[in-house]
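For the sequence shown, position 114 (counting from the first letter as 1) is numbered 113 according to numbering that gives the first Met the number 0, and the numbering increases by one without interruption.
For the record, the hints were derived by calculation from the structure and aren't laboratory data.
Be careful, since some hints might not be right.
Stated by the list, open to error - Okay, the calculated beta carbon distance ranges per label pair:
| # | residue 1 | residue 2 | range |
| --- | --- | --- | --- |
| 1 | GLN135 | VAL46 | 18 to 24 Å |
| 2 | ASP85 | GLU160 | 21 to 27 Å |
| 3 | GLU111 | ALA70 | 41 to 47 Å |
Even glycine gets a Cβ: it sits at the ideal position worked out from N, Cα and C.
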Amino acid sequence: MTALIFPIGHYNGIREQEQVVRVGWRQHRIDADAFAVWVLAHGLPEVGKGAWTVDDVVVHAQRAGIAEAAAYVERLAGAGLLAVVDEGRTFAQHHRLDVMFVGLGNAPDRLEGHAVGIPGLGIAAILDPDCYELWQWGSVAPTLWHSCEVRAAVTAEPSEEPDPDAALAEILRDLRFLVARGCAYLDVAG
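All chains should be modelled from the sequences, with the hints used to inform the complete structure.
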């Protein structure tokens, strides 16, 4: 399946031999294989802002020895721990972004890049200006769709009508970059 995939929720550690992922106010306890599939849904850092699909997750999970990877994807999506994105607007209207790490200023070797990480421990990622703007302000927006509307309004030419659907494609690419590097996580809106 070529639909994009994103993990939903914030990892809360291990309890009683199960991994715990919080989505909204609810904690989900999942086994090791389900957790591996959830982690793979984040994407690989080398993918950058490229697409990461259900097929990618299934292939990588099978390579890791998870026999029923597609079934795990389906089950985790049904529980709200994965978002399989066929229609981006609906996804954006029902999910929000929250950030991890702190801003560390401009990257020392790339002034147009913005470093995020943990002071004293190091840089987790260098973000381009658009990705940094989403990271910096995305958690203020009640939904990803609001971020799309703001980006469209800010980037539209004075003679153009803002197009949040066009901004959505950019936001999804930036989101992939942030999630794959652990700089942000997705949660349900409201």
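For the hint 18 to 24 Å, verify it against the beta carbon of GLN135 and that of VAL46.
Holds, since GLN135 and VAL46 (Cβ atoms, about 22 Å apart) stay within the stated range.
Taking the beta carbons of GLU111 and ALA70, is their distance inside 41 to 47 Å?
holds, 44 Å
With respect to the beta-carbon atoms only, verify the hint that ASP85 and GLU160 lie 21 to 27 Å apart.
holds, 26 Å
In summary, this structure violates none of the numbered hints.
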